[in-house]
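Using the sequences and the accompanying hints, generate a full structural model.
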Amino acid sequence: MSNAVLTGTHFMLGDHACAEGAIAAGCRFFAGYPITPATEIAERMARRLPQLGGVYIQMEDELASMAAILGASCGGMKTMTATSGPGLSLMLENIGLGIMLEIPCVVVNVQRGAPSTGLPTLVGQGDVMQARWGSHGDYEIIALAPSSVQEMFDFTVLAFNLAERYRTPVILLADEAVGHLTERVVIPPPEEIELWERPRPTVPPEEYLPYATDESLIPPMALAGEGYFVHMTGLTHDERGYPIINGEAHERLVRRLLEKIRKHAPEIIRYEEVLMDDAEVAVVSYGITARSALRAVREARRQGIRAGLLRLITVWPFPEDQIRELSRQVELFVVAEINQGQIRREVERAAAGQVPVAGVHKLGGTLITPDEILEALWVRKP
Amino acid sequence: MEIQFAGFGGQGIILAGYLLGKAIAVYEGKSASMTQSYGPEARGGACSSGVVVSRNPEELVDYPRVTRPDILVVMSQEAFSTYLPRLKPEGTLLYDADLVNPESIPEGVTAYPVPATRLAETEIGKRIVANVVMLGALVVLTRVVSPEALREAVRTTVKPDYVELNLKALEVGMAYAQNLLQPQEV
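Here the protein sequences come in this chain order: A and B.
Residue 382 in this note's numbering sits at position 382 of the first sequence; the count goes up by one each step and never skips.
Residue 67 in this note's numbering sits at position 67 of the second sequence; the count goes up by one each step and never skips.
Don't take every hint at face value.
Label-pair ranges, simulated between beta-carbon atoms [what the hints assert, rightly or not]: (1) A/273 to B/1: 51 to 61 Å; (2) A/263 to B/45: 48 to 58 Å; (3) A/329 to B/1: 35 to 45 Å; (4) B/1 to A/53: 17 to 27 Å; (5) A/233 to B/68: 54 to 64 Å; (6) B/1 to A/190: 27 to 37 Å; (7) A/340 to B/1: 49 to 59 Å.
For the record, the hints were derived by calculation from the structure and aren't laboratory data.
Virtual Cβ for every residue (Gly too), placed ideally from N, Cα, C.
Put into structure tokens, the structure is as follows:
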């Protein structure tokens, strides 16, 4: 298996870098249904996984794809699927099941113009709230937004690590522009790639309760077929995994599932700040749009505008403490995203009226240009 | 620095962009991004690829799409009409002299006719390497990348059986361009 990690410097498509990140993270099971602009991930996995003793299955649809990666993960494999908005819509039912059953897996959404089949070959960032709230009920989700081909590799590895550590589905919220971009990717030697594994039971099978936890709130996971008795149901369940249908049990379970992510949010949340130290205006952006935002911020500085960039790496959990903190420093937030204000509303919520929040928005199909963001910063021109 | 290749599907427009981007990003250690655009047709539809090179090799290209190319390489009349207005006023244009009739080239633009498809047929016997002939000419005419970096990109990208063929295509393009640059004898 020496060719599992393609150590070296490559000039690689974003979607391919995602597939290589998954393989480097130990993913050996991919189930999917091809869809533009995520198809290149499936193609790469279809070629690479059989070489590595892994399994690639093209399923009949996205519902089944999601079910398959949950099942294989219960058997102990690291698993992934990749899709775009229309496919994510179909996966959401089973993503909810994965959250309820606490099954590690990675779901890639290479966003395109939407709603419906929309713009198959063109960029969009309109699935941010779908990723957050698309499945029914109260839950927390982790979603990462890569801005470069290198990050398609790095964040896919990170997505697996977070999925394993917190026993939860993680969404890689990419976009068509990054997925179809070709750039240099440096893949490190395997020993330099840090991998986290799911917590495993330390008690013998007769003492094991599948959903009993310590203060981490993350239950150790026994794998199918290794001698532990595991009962799994999407119904509200007790520590044994048995259905129990009442308000108290529901409060206990769902509260723990929420707190499991919230409690660990400070170690999950990641963002990058550029030129923020003395900034009076903060541009908030993510994914491909963060690159236009970076150029706009640098150009604004040349024009005497004290602008900085807050680039979201984890879109979810949203770094609301940091926005609250910045509300005491900056006089304006400008949110740039290829949707009609999905993260802008989050910034408004966290800023809570302390600071005005403006937006640079598009519907999809084209990128937001640096000039379009720069124009929104001119209100701060000295 | 922005370089745009354009033509129709089947001419290797995207491979040309990939080889140039790889030569710059991997073998010269600069920061470069390559994008592509094509229609639903496998062959014959409008097709383009772009390479953006960062001014600072340490920094990621901030906006990865070509907006105003410094260098434009066109291999079809349609591509010429579509992309010429976007070329920078002092930009460089390379066009396939047998496929493009350059009606009006703005003053300030340096234009080079390169009959890449004909050279590929007559010198190598395979028109499919016209894109790489064009790349060879591009290297000599613009010095956007070193010939050795481009050779290395060819060696590590095309299938082993086709490496020699493509390296030869590079040399044909380079020789033609060197000839173009010779002062004309009176």
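Consistency of the hints with the structure:
no.: 1; hint: A/273 to B/1: 51 to 61 Å; result: violated, 29 Å
no.: 2; hint: A/263 to B/45: 48 to 58 Å; result: holds, 53 Å
no.: 3; hint: A/329 to B/1: 35 to 45 Å; result: holds, 36 Å
no.: 4; hint: B/1 to A/53: 17 to 27 Å; result: violated, 44 Å
no.: 5; hint: A/233 to B/68: 54 to 64 Å; result: holds, 59 Å
no.: 6; hint: B/1 to A/190: 27 to 37 Å; result: holds, 35 Å
no.: 7; hint: A/340 to B/1: 49 to 59 Å; result: violated, 35 Å
The structure does not agree with the numbered hints 1, 4, 7 stated previously, though it agrees with the rest.
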